[in-house]
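2 protein chains.
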Amino acid sequence: MQTERVARRADGVRTGVVDARAIDLCAVRRRVDGVLEDFLAEKTSAAAGRGHPPEVVDTVRDFLAAGGKRIRALLCVVGWHAAGGDGEARAVLRVAASLELFVAFALIHDDIMDDSDRRRGRPAVHRLMRARLGDDERAERLGAGGALLVGNLALMWAQELLHTAELEPARQRRVHRLFDAMLEEVMYGQYLDVMGTGRGADDVEAALRIIRYKTATATVERPLQLGAALAGAGEATMDVFARLGLPLGEAFQLRDDLLDVFGSPDGACAPGLSDLREGKRTVLLALGLRGADPGRRARLGQLVGRADLGEREAIEARTILHATGAREQTERMIASRYEQVLRVLDGAGFPQAADRALRGLAVTATRYTS
Amino acid sequence: MQTERVARRADGVRTGVVDARAIDLCAVRRRVDGVLEDFLAEKTSAAAGRGHPPEVVDTVRDFLAAGGKRIRALLCVVGWHAAGGDGEARAVLRVAASLELFVAFALIHDDIMDDSDRRRGRPAVHRLMRARLGDDERAERLGAGGALLVGNLALMWAQELLHTAELEPARQRRVHRLFDAMLEEVMYGQYLDVMGTGRGADDVEAALRIIRYKTATATVERPLQLGAALAGAGEATMDVFARLGLPLGEAFQLRDDLLDVFGSPDGACAPGLSDLREGKRTVLLALGLRGADPGRRARLGQLVGRADLGEREAIEARTILHATGAREQTERMIASRYEQVLRVLDGAGFPQAADRALRGLAVTATRYTS
Numbered sequence: 001m002q003t004e005r006v007a008r009r010a011d012g013v014r015t016g017v018v019d020a021r022a023i024d025l026c027a028v029r030r031r032v033d034g035v036l037e038d039f040l041a042e043k044t045s046a047a048a049g050r051g052h053p054p055e056v057v058d059t060v061r062d063f064l065a066a067g068g069k070r071i072r073a074l075l076c077v078v079g080w081h082a083a084g085g086d087g088e089a090r091a092v093l094r095v096a097a098s099l100e101l102f103v104a105f106a107l108i109h110d111d112i113m114d115d116s117d118r119r120r121g122r123p124a125v126h127r128l129m130r131a132r133l134g135d136d137e138r139a140e141r142l143g144a145g146g147a148l149l150v151g152n153l154a155l156m157w158a159q160e161l162l163h164t165a166e167l168e169p170a171r172q173r174r175v176h177r178l179f180d181a182m183l184e185e186v187m188y189g190q191y192l193d194v195m196g197t198g199r200g201a202d203d204v205e206a207a208l209r210i211i212r213y214k215t216a217t218a219t220v221e222r223p224l225q226l227g228a229a230l231a232g233a234g235e236a237t238m239d240v241f242a243r244l245g246l247p248l249g250e251a252f253q254l255r256d257d258l259l260d261v262f263g264s265p266d267g268a269c270a271p272g273l274s275d276l277r278e279g280k281r282t283v284l285l286a287l288g289l290r291g292a293d294p295g296r297r298a299r300l301g302q303l304v305g306r307a308d309l310g311e312r313e314a315i316e317a318r319t320i321l322h323a324t325g326a327r328e329q330t331e332r333m334i335a336s337r338y339e340q341v342l343r344v345l346d347g348a349g350f351p352q353a354a355d356r357a358l359r360g361l362a363v364t365a366t367r368y369t370s
Numbered sequence: 001m002q003t004e005r006v007a008r009r010a011d012g013v014r015t016g017v018v019d020a021r022a023i024d025l026c027a028v029r030r031r032v033d034g035v036l037e038d039f040l041a042e043k044t045s046a047a048a049g050r051g052h053p054p055e056v057v058d059t060v061r062d063f064l065a066a067g068g069k070r071i072r073a074l075l076c077v078v079g080w081h082a083a084g085g086d087g088e089a090r091a092v093l094r095v096a097a098s099l100e101l102f103v104a105f106a107l108i109h110d111d112i113m114d115d116s117d118r119r120r121g122r123p124a125v126h127r128l129m130r131a132r133l134g135d136d137e138r139a140e141r142l143g144a145g146g147a148l149l150v151g152n153l154a155l156m157w158a159q160e161l162l163h164t165a166e167l168e169p170a171r172q173r174r175v176h177r178l179f180d181a182m183l184e185e186v187m188y189g190q191y192l193d194v195m196g197t198g199r200g201a202d203d204v205e206a207a208l209r210i211i212r213y214k215t216a217t218a219t220v221e222r223p224l225q226l227g228a229a230l231a232g233a234g235e236a237t238m239d240v241f242a243r244l245g246l247p248l249g250e251a252f253q254l255r256d257d258l259l260d261v262f263g264s265p266d267g268a269c270a271p272g273l274s275d276l277r278e279g280k281r282t283v284l285l286a287l288g289l290r291g292a293d294p295g296r297r298a299r300l301g302q303l304v305g306r307a308d309l310g311e312r313e314a315i316e317a318r319t320i321l322h323a324t325g326a327r328e329q330t331e332r333m334i335a336s337r338y339e340q341v342l343r344v345l346d347g348a349g350f351p352q353a354a355d356r357a358l359r360g361l362a363v364t365a366t367r368y369t370s
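As you go down the protein sequences, you meet chains A and B in turn. Numbering-wise, the first sequence is residues 1 to 370 according to my numbering. Numbering-wise, the second sequence is residues 1 to 370 according to my numbering.
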């Protein structure tokens, strides 16, 4: 109910979560989380009624509660405002919540495929499932199976949130078309990523293509467009979001890759080992391999992709990535994409509140993300 | 175009795929396959246009072409007729096709979770993906990841077929509600199966519960209800299908379990090793463990679940399952469920053509399935 209070101005006029000056992104986030909580509470009682194990819903709830910036949900609501959305936000909040369940699905499956140990500061879901199975010798495989199914349910529930958003038919068709396209893009991007791992790791273009399909459209373009579609936006607005989505989504992912390897300059995010151990085909790595002399190139190739990579070797890899200029080049790529985002926004003529929110999210996503 | 000819009577009146006497199930199957072919052809050209790898669509197409009885699709169309569906069958064929893409998804994921080698006489999809990766040391894990994504796309496409069926809004909501419920039931059933493997293998009730959630509703009840919903059926018809779904779905699965271990009496289906090697918690196995004396029980426990189980040990396991009466008991369970199906149909008063088709499918599914 906190969110309802935030959503009213002092004069008592109901404004949803926006007024002429600013969109209250914290309030949006709370309302999206509220939709998710209510939906999962229904799933919990349905599971109890049918004798289904309660831990599936609990696992999804814990996953959502453990973190995540809800960037897609926020972009969806901001896209709605940018396209003139106003008044009762029920449908857009439901679609925004759906996006976050979709992200949960994608990350749970991603962690299985990458065999990651941790996510959002907790054991990855397949590790949690494995722990449930005790000392069964097949616990590793079965735990992955359990997590696979939890991920599938998160995806199905994301779709159910859409199906039950009670949209007007033409809007529903448009929302489904965008959502289906997003799902397909992400799956193809992940497919390229998984089936191409270990090959052509110095291919900067291939690494950017993977970002493009796996992350860029799903992180920025489609969420903005989904919100805009709910406000009945025309093709011109959809096109602005397409032009915004690629640079902002790429910048977002490039920052994520830098943070994973080097941590954040302010120390809030510690450097990690996961991308290096996985041999993730990032633009950063491709630039490093391409820019290195033969000796360093060979050494970098030896270091990344080793599942047992230690902190000492990680420091060595980071030193090479720094010395080849790969880190600096990635920073420049982020900065040029951020500039491009501002240029697109300058020409878009969005309402002031939406424009400000988009600029704020662009800073958050590309500079201070952790 | 063959299907169109089949769908016309000699007098030239368009009748879809049904007349007063009989539903032409072969024609229904061809038309469903036609919908799938057209849909996947669109996906192929979309992938080509966007630079996505063609093998994803090809893999789904090959999977569908390799076999499958399309029992769910047929039941969906028969359910539509039973509820008075008539005339243009476009929407029901699309929903029926959606069910087959859902089955493809479920089986591709099932094979990953069970680490099965083969499906429908060909290597399982994760094996095909692994072979694509050559001698990469991570080929096993990455191949499973590739198959996971192909399965996800099959699920997403199943939903897309529904979203684009151009249903009238109230019907669409009803179809989505049934479809979402089916997906959830199957996932929970698989979850119970995966996370419970190896525990309480002599628990007949637990094995039946897994069938119930994993197979029974999704194989019979929901497909029939989806078809009926498209014909605007009332609650009474939905209820008949619920009462039909459980015995028919259970009988279907019990027959499948018998066929896997013992093959078919006519020799068309050879006995296999996969359920025994996997230690699948079938009713057959639970009955065998429960009915055996301590010595045989211990031996059966040693044999099943061994990944390297050979033909000689399989014969030993089959002999125990036969000697304990488990095989015969399972046959009796199938027969009593078949009788129950007939009793439900006797009281249902469905149109003659639909009634006959349902009786025919009941025989096919419980007696001669392979």
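A few of these clues could be false.
If several chains are the same, the list does not tell them apart, and a pair holds so long as it fits within one copy or across any two.
Unchecked claim - Below, simulated SDA-like cross-link-like pairs (lysine to any residue); rule was C-alpha separation at most 20 Å, straight line:
(1) Lys69 - Asp33
(2) Lys43 - Arg177
(3) Lys69 - Gly34
(4) Lys43 - Gly232
No lab work stands behind these hints: they were computed from the structure.
Inset, instruction - Any hints from earlier that this structure breaks? Give me their numbers in increasing order, please. - result: Failing hint: just 4.
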